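> This is what each chain is made of:
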Amino acid sequence: MTHVTSLRCKECSREYPVGAFNVCEFCFGPLEVRYDLDAIKAAVSRESIAAGPNSLWRYAEFLPADHNPDVDINAGFTPLIRSKGLADKLGLEELWIKNDSVNPSYSFKDRVVAVASAKALELGFDTLACASTGNLACAVAAHAARGNMKAYVFIPSDLEAGKVLGAAIYGPTMIAIDGTYDDVNRLCSELADTYPWAFVNINIRPFYADGSKTLGFEVAEQLGWRAPAHVVAPSASGAMFTKIYQGFNEFAYTGLIGKVETKMHCVQARGCSPIATAYEEGRLIIRPVRANTIAKSLGIGNPADGYYALKVIEASGGSAVIAEEHEVAEGIKLLAEADGIFTEGAGGVAVAGLRRLVARGTIKPDEPTVLYITGNGLKTTEVVADVVHPIHIEATVAAFQDAIGARA
Amino acid sequence: MSVTVRIPGPLRKISNGADKVEVEGSDLAALVAALEEQFPGMKERLVDENGELRYFVNLYLNNEDIRFLDGLKTPLSPGDEVSIVPAVAGG
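The listed protein sequences derive, respectively, from chains G and B. Using my numbering, read the first sequence as starting at 1 and increasing by one per residue. Using my numbering, read the second sequence as starting at 1 and increasing by one per residue.
The reader is advised that the hints may include incorrect statements.
[Unchecked claim] Straight-line C-alpha distance at most 30 Å; calculated DSSO-like pairs for lysine-lysine:
1) B:K43 to G:K311
2) B:K43 to G:K150
3) B:K20 to G:K10
4) G:K333 to G:K364
5) B:K13 to G:K10
Hints in this document: simulated from the structure, not taken from any laboratory. From a predicted model like this one, the values you see are computed outputs, not experimental measurements.
Chain G with its partners taken away, still in its complex shape (with noise of 0.2 Å):
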């Protein structure tokens, strides 16, 4: 049994029955999924949680659906790495990362994803659809197909190639538009008005959203109780980013952990950046624009939930940080090179945001940050397909040799 209570506007405060739907009638303001916490607080323990299955599910008291394993493919519990490599290039005491990337279809969207299908199926529908910058379109494929749901997956047509069959491998109806994702986005927030479907991250918005509080928990449980001093993830349209804070404060709340004084710090690409623009020019307003980013995941020029990634780095003195497009790639490597660990576009951007955070002295040496890497890199190999040369001999010592040198 969940514990939520009901939607609620964010903006007015206007209570509504829990339904599939994710705006305010009233102020058009975004719908929130409200919960007893105090219920929460009497239900779980930290061993509680720990005794609980290996994935987003031990922290099913917080998520707005009950588990169901007909469309369950274990999404969460993802690593915390320790890093060395990079922790040691930028002087870092305590680096950890968050390798997300290893979801079971490569995304943190699998969270997300995970919750929205179980709510979907709760609710009744039986096709599952979203407006996606591809990782949401792998992650709501997969899901479909394994609770025998229809899929609709709506996509800007220049996605990554990976990205792409990623998410067509397991057979969803695919719309490609000849635009950007704010134009795939406006076309699915049209369509959603009239298709029976559940549109993951339009009408069942407020349920899939608190799929990524779960980023906040297992951060939180897997630092031994804790929440950090940083935490540094790159944002899109803001939900993750929120959500991820969202966590950590609930689990204060209900005395899993201590007080939190995470800053929260967003990355975007320069060619995708309303909400870091925001933040440098002192505005809560979000200007929207039109994306061009390598960063293609990171590609939405109208964050929906922009705003309240402001009001979050504001109420926990964090920042938001531009990542120049070159940086992107080389982002990749460094990660990659340093501590084994291959990201996409997104994750590229989240290790150059790092970098510049503690080049300008706001993350310190000592202060324990947490890197969100939130989508795999073979998913977006176009990015760095630069670093493929290998040394090409015939299968010989002799040619191994003259190419290497001889074994002293």
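With chain G fixed as given, assemble chain B onto it according to the hints.
Then chain B, alone, in the frame of chain G:
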């Protein structure tokens, strides 16, 4: 000169259930005024007390976000299509 306006689910109680309506207007601000005349209560959902488009409302003229055009001052032509879309989606 008539313009087609697509009405999103949350506003259909005001539009008496219609998902598409025809209104007249020389620019988007006039269109909002015309909508209000036809469906009282519509205007306050779309624009704030200063007459600015509300933060959580997106307006599209022929599929282009009006924030990339001339906002509510953007002129309209006969046959144009305007979509009202709640902003809180995606990601």
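> Would you mind marking each hint as holding or not holding in the structure?
Status of each hint after checking the structure:
{"no.": "1", "hint": "B:K43 to G:K311", "in the structure": "holds (28 Å)"}
{"no.": "2", "hint": "B:K43 to G:K150", "in the structure": "violated (38 Å)"}
{"no.": "3", "hint": "B:K20 to G:K10", "in the structure": "holds (28 Å)"}
{"no.": "4", "hint": "G:K333 to G:K364", "in the structure": "holds (24 Å)"}
{"no.": "5", "hint": "B:K13 to G:K10", "in the structure": "holds (21 Å)"}
Checked against the numbered hints above, the structure violates only hint 2.
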